[in-house]
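Sequence lines, in order, name chains F and L.
For the first sequence, the working numbering gives the first residue as 3, with consecutive numbering after it.
For the second sequence, the working numbering gives the first residue as 3, with consecutive numbering after it.
Calculated directly from the structure, the hints in this document are not laboratory data.
Don't be surprised by glycine CBs; every beta carbon is placed ideally from N, CA and C.
There could be a bad hint or two in this list.
Simulated crosslink set (DMTMM-like; lysine to aspartate or glutamate; CA at most 20 Å straight-line) [said to hold, decoys possible]:
# : chain 1 : residue 1 : chain 2 : residue 2
1 : L       : Lys125    : L       : Glu49
2 : L       : Lys125    : F       : Glu79
3 : F       : Lys66     : L       : Glu79
4 : F       : Lys45     : F       : Glu79
5 : F       : Lys125    : L       : Glu76
6 : F       : Lys66     : L       : Glu49
Interface residues of chain F toward chain L, partial, derived using beta-carbon atoms under 10 Å [unchecked claim]:
#  : residue
7  : Ala39
8  : Asp40
9  : Ala71
10 : Gln73
11 : Pro93
12 : Asn96
13 : Ala122
14 : Gly123
15 : Ala124
16 : Gly127
Computed, partial: chain L to chain F, Cβ under 7 Å [what the hints assert, rightly or not]:
#  : residue
17 : Glu49
18 : Pro68
19 : Tyr77
20 : Glu79
21 : Lys83
22 : Ala112
23 : Gly116
Number of protein chains: 2
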Amino acid sequence: MEWGPPFRCLRGTRRNIMKKLIALSAMLAVAPCALAADVAAGKARAEAVCAACHGANGVSVSDKVPHLAAQRAEYLEGQLKAFKEGARKNPLMNAIAAQLSAEDIANVAAHFAGQPGAQAGAKSGLLPHVAKSNGTFP
Amino acid sequence: MEWGPPFRCLRGTRRNIMKKLIALSAMLAVAPCALAADVAAGKARAEAVCAACHGANGVSVSDKVPHLAAQRAEYLEGQLKAFKEGARKNPLMNAIAAQLSAEDIANVAAHFAGQPGAQAGAKSGLLPHVAKSNGTFP
């Protein structure tokens with residue numbers, strides 16, 4: 003049986019829709035892998051890079067240093083990028099953020115955003131090697 | 003009975019000590035009033051000035067806006083001063099902080115520092131007059 007012009011048109015449209023759906027499924031299957039932050043990698047990076055001042059879990063060690071625990075990931079990412087690019091000025095944070103890749107930044111932001119919020123008056127202890135130094139810290 | 007020179011000396015010293023103690027007591031009685039932040043005034047100011055974006059209790063309304071709840075007072079004060087003076091750049095915050103006195107800044111910082119930390123994913127609702135507007139916010 004031969005399909006009349008309107009049906010041929012419909013078949014073509016269906017094929018296009020199917021093609022688009024397959025392409026969309028492929029995109030959706032890949033996209034989360036590219037976008038999702040790696041929280042475990044963020045935790046490891048935070049322990050190595052951020053913990054001395056902000057605490058490994060985002061409860062900072064000093065009144066001068068902000069808590070990062072439960073802070074919004076998007077805000078943390080934005081500020082780290084601003085420090086990295088020099089748009090927000092702080093000699094210490096400019097130097098630290100400059101060493102973080104965009105992936106590092108997304109990961110540490112996700113790590114801190116997932117920590118429970120600091121309680122009033124909470125303070126993390128100094129890391130052992132920092133506590134041993136005689137310098138004023140931070 | 004006449005006091006010998008050493009005792010007279012002691013009496014003089016005692017009088018000086020008493021004078022200094024009285025002066026010190028007067029200073030201590032006044033100092034806390036000058037230094038202590040007024041948390042209630044800070045709450046009122048925060049409700050009027052900060053709440054639309056940061057939430058009255060420091061749990062912000064948007065992923066782009068930081069939580070201030072349980073954040074360190076000294077850090078908050080430092081950042082508000084930096085915004086007021088233009089050392090930290092953000093057109094919205096520069097304009098808002100410019101309207102706050104040093105006293106306002108100390109008060110709102112103390113208010114937010116005393117709030118319980120935000121839980122992960124927590125979000126304050128928009129204020130009624132903001133929710134009614136059609137603008138993108140914040």
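Evaluated hints:
1. The straight-line distance between the Cα atoms of Lys125(L) and Glu49(L) is roughly 16 Å, inside the 20 Å bound, and the hint therefore holds.
2. Our distance criterion of 20 Å between C-alpha atoms is met by Lys125(L) and Glu79(F), whose separation comes to about 18 Å.
3. Taken as a hint, the Lys66(F) and Glu79(L) pair is honoured in the structure, with Cα atoms around 10 Å apart against an allowance of 20 Å.
4. Proximity of Lys45(F) to Glu79(F) is assessed by CA-CA distance (about 15 Å); at most 20 Å being required, the pair is judged to hold.
5. Of the supplied pair hints, the one linking Lys125(F) and Glu76(L) holds, its CA atoms being roughly 13 Å apart against a limit of 20 Å.
6. Between the alpha carbons of Lys66(F) and Glu49(L) the distance comes to roughly 25 Å, so the proposed pair goes past 20 Å and is violated.
7. Of the supplied interface hints, the one on Ala39(F) is violated, with its beta-carbon coming no nearer than about 14 Å to a beta-carbon of chain L, more than 10 Å.
8. Interface hint status for Asp40(F): violated, as the beta-carbon distance to the closest one in chain L is roughly 17 Å, over 10 Å.
9. At about 7 Å, the closest approach between the beta carbon of Ala71(F) and any beta carbon in chain L falls short of 10 Å, and the interface hint on this residue holds.
10. Among the interface hints, the one on Gln73(F) holds; its C-beta lies about 6 Å from the nearest C-beta in chain L, closer than the 10 Å criterion.
11. Given hint, Pro93(F) at the interface with chain L, is violated; its Cβ is 13 Å from that chain's nearest Cβ, farther than 10 Å.
12. About 13 Å separates the beta-carbon of Asn96(F) from the nearest beta-carbon of chain L, more than 10 Å, and the hint is not met.
13. Of the supplied interface hints, the one on Ala122(F) holds, with its beta-carbon coming within about 5 Å of a beta-carbon of chain L, less than 10 Å.
14. Checking Gly123(F) against chain L by beta carbon gives a least distance of about 9 Å; that is within 10 Å, so the hint holds.
15. Checking Ala124(F) against chain L by beta carbon gives a least distance of about 8 Å; that is within 10 Å, so the hint holds.
16. With a cut of 10 Å, the hint placing Gly127(F) at the interface with chain L is violated, because the nearest CB-to-CB distance is about 16 Å.
17. Nearest Cβ of chain F to the Cβ of Glu49(L): about 19 Å, over the 7 Å cut. The hint is violated.
18. Interface restraint check for Pro68(L): the shortest CB-CB distance to chain F comes to about 5 Å, inside 7 Å, so the restraint holds.
19. The beta carbon of Tyr77(L) is positioned within 7 Å of a beta carbon in chain F (closest approach about 5 Å), and the interface hint is therefore held.
20. With a least beta-carbon distance of about 10 Å to chain F, the hint placing Glu79(L) at the interface is violated under the 7 Å criterion.
21. Taken as an interface hint, Lys83(L) does not check out: its beta carbon lies about 13 Å from the nearest beta carbon of chain F, beyond 7 Å.
22. Interface restraint check for Ala112(L): the shortest CB-CB distance to chain F comes to about 11 Å, outside 7 Å, so the restraint is violated.
23. With a cut of 7 Å, the hint placing Gly116(L) at the interface with chain F holds, because the nearest CB-to-CB distance is about 6 Å.
Hints 6, 7, 8, 11, 12, 16, 17, 20, 21 and 22, counting from the list given before, are not met by this structure.
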